[in-house]
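Using the hints provided, position chain G relative to the given structure of chain X.
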Amino acid sequence: DAGITQSPRYKITETGRQVTLMCHQTWSHSYMFWYRQDLGHGLRLIYYSAAADITDKGEVPDGYVVSRSKTENFPLTLESATRSQTSVYFCASSEGTRGYTFGSGTRLTVV
Amino acid sequence: ILNVEQSPQSLHVQEGDSTNFTCSFPSSNFYALHWYRWETAKSPEALFVMTLNGDEKKKGRISATLNTKEGYSYLYIKGSQPEDSATYLCAPPGGGADGLTFGKGTHLIIQP
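Going down the list, the sequences are from chains X and G.
Convert by adding 1490 to the 1-based position in the first sequence; the result is the number in our numbering.
Convert by adding 56 to the 1-based position in the second sequence; the result is the number in our numbering.
Looking at chain G on its own, in the form it has when it is part of the complex:
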């Protein structure tokens, strides 16, 4: 089983502030890293799929960076809004199966 760590587990951020959180994964045999946003009572929604060391992807106010050599990825949210409240999951493929191995997520709450 692949060991995927996300930190922090939960995060309270004031509306308008920027924030970031971390995903750590085994750097050996790296293939790709996925980020998902999971709102309460909905299904996980794909944000980014990252494959190259040093890769940076952006979607509106959300961006992500990837360091495959040291085995981590950062997700950044600029100017947090209430609609950003969700659990953010990261997932590399692997662990003996073709499916993604998900971390337990960072639960983000944006406070007005």
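Pulled out of the complex, with its shape left as it was, chain X reads as follows:
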């Protein structure tokens, strides 16, 4: 089905472990984004990508790595997870000046 999908929906990991959150979109949208949602902060931009092989930092990039080898995929990796990275992560895509379409989110708990 067409859309934007995130996996996993829920993840529990231990401090120090590497974890990758997946995001896949079927529209061939140029732009993709990763946001995290935290109480008191709302949605904050972690990284974004304007096209395949082009990525750039957002507001809160520290501790995260992204890649975009294919237009449809934009994985987010936490290289060494910390408790402060416990959050709900949303991936989104857009094309041109249209609104963003968000995935269903990944709830990550770092213990």
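Everything labelled a hint here was simulated from the structure, so no lab data went into it.
A quick note: this is a predicted structure, and the numbers were derived from the prediction, not measured.
A couple of the hints might just be wrong.
As the list claims (entries may be wrong) - With a straight-line Cα cutoff of 25 angstroms, these simulated BS3-like cross-link-like pairs (lysine-lysine) come out:
# : chain 1 : residue 1 : chain 2 : residue 2
1 : G       : K125      : X       : K1547
2 : G       : K98       : X       : K1501
3 : G       : K113      : G       : K160
4 : G       : K113      : G       : K134
5 : G       : K113      : G       : K125
Said to hold, decoys possible - To be clear about the criterion: a stretch of chain X counts as covered by chain G if any three or more of its residues have a C-beta under 8 angstroms from a C-beta of chain G, and this derived list gives those stretches:
# : stretch
6 : 1509 to 1516
7 : 1539 to 1548
8 : 1587 to 1601
All C-beta atoms, glycine included, are put in the ideal place defined by N, C-alpha and C.
Frame of chain X; chain G shown alone:
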């Protein structure tokens, strides 16, 4: 970091009443303003993308206006219904990145 303010933070409205809330943003280097509706346990859903000063957009009972010179946008809901209960987010692009900078939202609760 772009400063985006939304007010009020939360709002309780009786079913059938109309309501409105505000988004304030820096008026310099304006490009566009997005509005989203975010229901509990779901993902944000795009309502409007506004680009022109004086622009007014409408989607059913929801409408929005834009003043880029003074840096604010209003969202109006006419005849509120329980399904309008959600957090409404506004977001201009900018703040040093191409991504949207979201306000913290107005949490709207419609009381039967």
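Quick rundown of the hints versus the structure:
1. G/K125 with X/K1547: Between G/K125 and X/K1547 the Cα gap is close to 29 angstroms, so the pair fails against 25 angstroms, i.e. violated.
2. G/K98 with X/K1501: holds, 18 angstroms
3. G/K113 with G/K160: With a Cα-Cα distance of about 22 angstroms, the restraint between G/K113 and G/K160 holds, given a limit of 25 angstroms.
4. G/K113 with G/K134: holds, 14 angstroms
5. G/K113 with G/K125: holds, 18 angstroms
6. 1509 to 1516: With 0 residues in contact (Cβ-Cβ under 8 angstroms with chain G), the coverage given for the stretch 1509 to 1516 of chain X is violated.
7. 1539 to 1548: Held - the stretch 1539 to 1548 of chain X has 4 residues with a Cβ nearer than 8 angstroms to chain G, which meets the minimum of three.
8. 1587 to 1601: With 9 residues closer than 8 angstroms to chain G, the stretch 1587 to 1601 of chain X meets the three-residue bar; holds.
The earlier numbered hints that this structure contradicts are 1, 6.
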